[in-house]
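Peer 1: The primary structure of each chain is shown beneath.
4 protein chains.
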Amino acid sequence: MTGLGLASAALGGIAAPGTAGAADTPIGEKWWPSRWGPDDQAGASNHMTPEKTLAAVQQIRTGKVHSLGRVYERDMPLFGERVFALRTPGMPTGGTFGDNKIIWNDEFLATEIGQVGTQFDGLGHIGVEAGAPGEQTRRRLYNGVTMAEAASPYGLKKLGVENVKPFFTPGLLVDVMGLKGGMLEAGTEVTLADLLAALERQGLSAEAIAPGDVVMVRTGWGLLWKEDNARYNNGAPGIGMEAARYLAERQVSLVGADTWGVEVVPNPDSNQVFPVHQELLVRHGIYLQENLDFESLAADGTWQFAYVFAPLPIKGATGSPGNPLAVT
Amino acid sequence: MTGLGLASAALGGIAAPGTAGAADTPIGEKWWPSRWGPDDQAGASNHMTPEKTLAAVQQIRTGKVHSLGRVYERDMPLFGERVFALRTPGMPTGGTFGDNKIIWNDEFLATEIGQVGTQFDGLGHIGVEAGAPGEQTRRRLYNGVTMAEAASPYGLKKLGVENVKPFFTPGLLVDVMGLKGGMLEAGTEVTLADLLAALERQGLSAEAIAPGDVVMVRTGWGLLWKEDNARYNNGAPGIGMEAARYLAERQVSLVGADTWGVEVVPNPDSNQVFPVHQELLVRHGIYLQENLDFESLAADGTWQFAYVFAPLPIKGATGSPGNPLAVT
Amino acid sequence: MTGLGLASAALGGIAAPGTAGAADTPIGEKWWPSRWGPDDQAGASNHMTPEKTLAAVQQIRTGKVHSLGRVYERDMPLFGERVFALRTPGMPTGGTFGDNKIIWNDEFLATEIGQVGTQFDGLGHIGVEAGAPGEQTRRRLYNGVTMAEAASPYGLKKLGVENVKPFFTPGLLVDVMGLKGGMLEAGTEVTLADLLAALERQGLSAEAIAPGDVVMVRTGWGLLWKEDNARYNNGAPGIGMEAARYLAERQVSLVGADTWGVEVVPNPDSNQVFPVHQELLVRHGIYLQENLDFESLAADGTWQFAYVFAPLPIKGATGSPGNPLAVT
Amino acid sequence: MTGLGLASAALGGIAAPGTAGAADTPIGEKWWPSRWGPDDQAGASNHMTPEKTLAAVQQIRTGKVHSLGRVYERDMPLFGERVFALRTPGMPTGGTFGDNKIIWNDEFLATEIGQVGTQFDGLGHIGVEAGAPGEQTRRRLYNGVTMAEAASPYGLKKLGVENVKPFFTPGLLVDVMGLKGGMLEAGTEVTLADLLAALERQGLSAEAIAPGDVVMVRTGWGLLWKEDNARYNNGAPGIGMEAARYLAERQVSLVGADTWGVEVVPNPDSNQVFPVHQELLVRHGIYLQENLDFESLAADGTWQFAYVFAPLPIKGATGSPGNPLAVT
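Residue numbers (the working numbering), protein chains in the order written: chain A, 764 to 1091; chain B, 764 to 1091; chain C, 764 to 1091; chain D, 764 to 1091.
Hints in this document: simulated from the structure, not taken from any laboratory. The reader is advised that the hints may include incorrect statements.
Treat identical chains as interchangeable: a pair holds within one or across any two.
Stated by the list, open to error - Under the rule of at most 25 Å between Cα atoms (straight-line distance), these lysine-lysine pairs were calculated in the DSS-like manner: (1) 921 x 1078; (2) 928 x 827; (3) 1078 x 920; (4) 943 x 928; (5) 989 x 928; (6) 920 x 827; (7) 793 x 920; (8) 920 x 864; (9) 1078 x 989; (10) 864 x 921; (11) 921 x 989.
Based on the provided sequences and hints, a complete structural model is requested.
Peer 2: And the structure:
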């Protein structure tokens, strides 16, 4: 796997698991304190600066706004035991009041709000058990925060999604589906070579990826959304550790995909479960965004855009729903 | 009230309630079909075009991104019987799995999702009972849609917030607090004269408001947020019908405020309950956004900005939470 | 169908739908005021008196307590769009506190609490639209209560389940499955003749059914519970209008079954949807209990018992979950 | 505190915390395996036998049924961060269908279902941290079950309330309020001497308490329910460790009270937080029932009754709501 060598080289001092002497956690060397300091809770959203905004604005040429988010509804694919239950009380909920005879309606929603539909994975979402089973003091998240510090029944005490800075930054869509000539299959790893080849095919270069940029990976898997939910949830194509390490090296702020997990599932190494989530979120503070819809953007053949997304600042939440925009 | 005369003049053909022969609903003349046709469900978000995006981009000079949204948390002010209950299952929710010993966390949220905290009122939120009490066929919303057509226990069948087009448009902050020299009191109406005077004081003119623009009104009431929730909820300063009609005449797409209802509460006409909601949402399809935080923006003294907001496309919801951005 | 004649005769003055001059609602003659007066909200639970308790006690011979209720869990059959989502926050939810190092756990449940699993249908659950579509003032429930009077977004204002008196009364299990030699099929109506024959086979007589008694109908359908949820929900055997009218004539307080609807689904008259619900709940204030488990009781061959059930007094709820007991 | 000596004597072999050599947990000697074996999950509900049922039946003389449960509603006192949010979708939720024009209503409830209002504390509710902070493998519940074994985000895997056997057993109301001549104050401990004196005053003896019986303690605190919720929640009178140990010695199956915690809060030993919960639930598998209403029973002056209560068998829940009955 030359790609792995490439990525390893790129990672410089960061040892791969198993490297003699270095590894002290199940995912290799300790990853804290973060590059933004030991108290940082914003991760790669720290890249968001006025300069990034202005760089993103340079990508806006026609003024067209593409929604990358999907509609939240009860018949969308849901991971595991999660539910999405919306109820509209009363119909109307309020009224009739006044000579103007006003009525109003509300809705009541019960759901895993940050982990259903189009979702943004925050830094409190993923961790590593670095000690004995069940030891909250050695279950660690981004920046080495322990579950003992973060966990709470009413919302995380640390690394909640309210700490994330809004994104207004250049974005890039890597059309791997276009490269491969069709939807990738579940379990198909998008390699670094695939990413580079797709970019080349699109007339772009990995050199165009600057720190803080957003990279989106189109696999075609999203075509199954609401068409075949069972298949959609049963594995997915996506990037593996090689591409993840490369993107981390490029210091992107977020990686998104038209799949439920961004990364390849099952992982080619059958002993690894969602390792890319750990590599990006835990080790590097790089965010993931899932269940995106790139079809409008791809139809335009526009691969660069201003990516705009403000996570819902729900105190102590592990993630956020939302409709990220690609402005071209 | 000279302002009312002014506004009435401005409204031209739109009859006030009670005008002989014209009124056939509790809020005056019928308001449908909408200017965007009898089937429209997007209201004033129809103003969102590439041209508006490009106009908004012209407002981006420094690249600074201001969050206008507030953090969602259990001790924020809540209207009426609404609740906000976030729970984090398991801690962790998933894991430990794999040699990489991954764990993950979710959160479960039960709330009036579109009507708590910083909120965007959609077109299904407000209506008028235009017939006998309880007649769903004559309870009407935007574009004349009846509750009989829209109501459903599992989300609105029409006018759900998923129909709204994302906002990327010029925005204007009207600093009425600055004009008045401090926080306005509950029940204080922001008149058209106030708006015009505030704009003049800011070196701006109402002429600067183009169709599709967003207008934000700073009253200072937001200073009470989480400082005195009981007082915050007990009435509010805000625009009245006069200013609302003027803004509708200017064809704005959205009016926001640092209060829970945008409009003055209680209304100076004690027989009217939230009439501005009806005027803007029902009659004109103009959106409201509430519980905003303008303090960062005001501190900069920057009154014009690109307003960027993508409502959560929850199928059949009456509104949306979110963190609208003011980019300067 | 001699049974129908019998039942019709028994019903005396109560006209069948279509009877000249009498019918003024879609289900025939008006059914209010109730036999317990125009303000009654307790329906057939008014039969619960100390005398009934003492009569029930007479059925207790061995002291054996049978649970008729099923476990509430996420993989039980659910009707329509209902959900059952239980989450355990924090693990633990509270603690650690004190030298005694206490911790505690809670659970958070979001569900249609009165209408999932083993369920007791209250008087606010079922109604009849007796006017034009959508007229809340002519949608009527038990005792003629209108939806305009009862409906509210935060719980019914009338006929909430908190008005029901706890049941401690003689109960009777009618073993129609035993009579037929196996599980009845979906759409199979349990006729009055079936009920009478089953009772005879069990050495009992319909004469044994006194006002306020509870009658349970075993169809065998419950054997599909969690074995084949799709089939379980797709129709059911059960009593039809004939048996319902007979049981109403006997003035039972509650009818239960090992199905999700007590009554035969689909109804043999394809123009009728759940008419037994209306006959019993709306017209007579007789309660229904669904998704029961009679297998323990049937295995003992004990057909008479003290039925004990106290609905959860949730203010304004349409029904109640619970574990009814059959004490023998 | 002579009472403590009395209770310690009564406890026989069970060492108090600090006893040399014996204590290996923060609450003293290890308490597992339980008297019902190492796999037991039913605790003191194992006392429920046909014989207990028949003994309870002996208490039924008049047939009067008293509800000891309170109505569940949004303005009841709630502990800590718990919520109670009921919504009625659609109004109606279903219909109109069929020539019979049926409609139906549901309700959607989001709440800490087993830990709000009148509540039954199950064996998964309370535990002890017996190891280092956050070690799930050494947080122990009844019968020594660890949090590592029981905890799960979707309901407890062990000790869920579905394992509890329904109660039909003799009950006894101890009228401490009557003894003291009025409502006890928050922080007032009901001592063993108080219990014995109250029983004597009622013409009863502690000798009357047999294994499996239920003991209810009336403090009068329930008079504050919905009258002064803030005061109601701010501490409570109740039994202390002395009385708890005595009741455990008597092998009762459940202890209930007209307070939110059964036990005295704050505990006279300010280093102890809810120690009675641990003594009864964790050490002995004896259930607690809280927020009961004894006023109807006390008004009758009837102190002995058949106690009937079937917990809602919610899989993996820590407790249960419900309306326990006292039949006299």
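Peer 1: Against each hint, give a clear statement of whether it holds in the structure.
Peer 2: Now the hints, each set against the structure:
Taking the closest pair of Cα atoms, residue 921 and residue 1078 come within 25 Å of each other only inside a single copy of the chain (9 Å); across copies the shortest separation is 31 Å, beyond that limit. In this homomeric assembly, residue 928 and residue 827 come within 25 Å of each other (Cα to Cα) both inside a single copy, at 24 Å, and across copies, at 12 Å. Taking the shortest Cα distances, residue 1078 and residue 920 sit within 25 Å of each other inside one copy (8 Å), while across copies they are farther apart (29 Å). In this homomeric assembly, residue 943 and residue 928 never come within 25 Å of each other (Cα to Cα): the closest approach is 35 Å inside a single copy and 33 Å across copies.
For a Cα distance limit of 25 Å, the shortest separation of residue 989 from residue 928 across copies, 22 Å, qualifies, whereas the shortest one inside one copy, 32 Å, does not. In this assembly of identical chains, residue 920 and residue 827 lie within 25 Å of each other by CA distance neither inside one copy nor across copies; the values are 39 Å within and 28 Å between. When the C-alpha separation of residue 793 and residue 920 is checked against a cutoff of 25 Å, the pair qualifies only within one copy, where the shortest distance is 22 Å, while the shortest distance between copies is 33 Å. Taking the closest pair of Cα atoms, residue 920 and residue 864 come within 25 Å of each other only across two copies (21 Å); inside a single copy the shortest separation is 44 Å, beyond that limit.
Taking CA atoms no more than 25 Å apart as the test, residue 1078 paired with residue 989 passes between copies only; the shortest distance there is 14 Å, against 31 Å inside one copy. For the identical chains of this complex, residue 864 and residue 921 are inter-copy neighbours only, at 21 Å across copies versus 46 Å inside a copy, given an alpha-carbon limit of 25 Å. Taking identical chains as interchangeable, the C-alpha atoms of residue 921 and residue 989 lie at most 25 Å apart only when they sit on different chains, with a minimum of 21 Å there against 35 Å within one chain.
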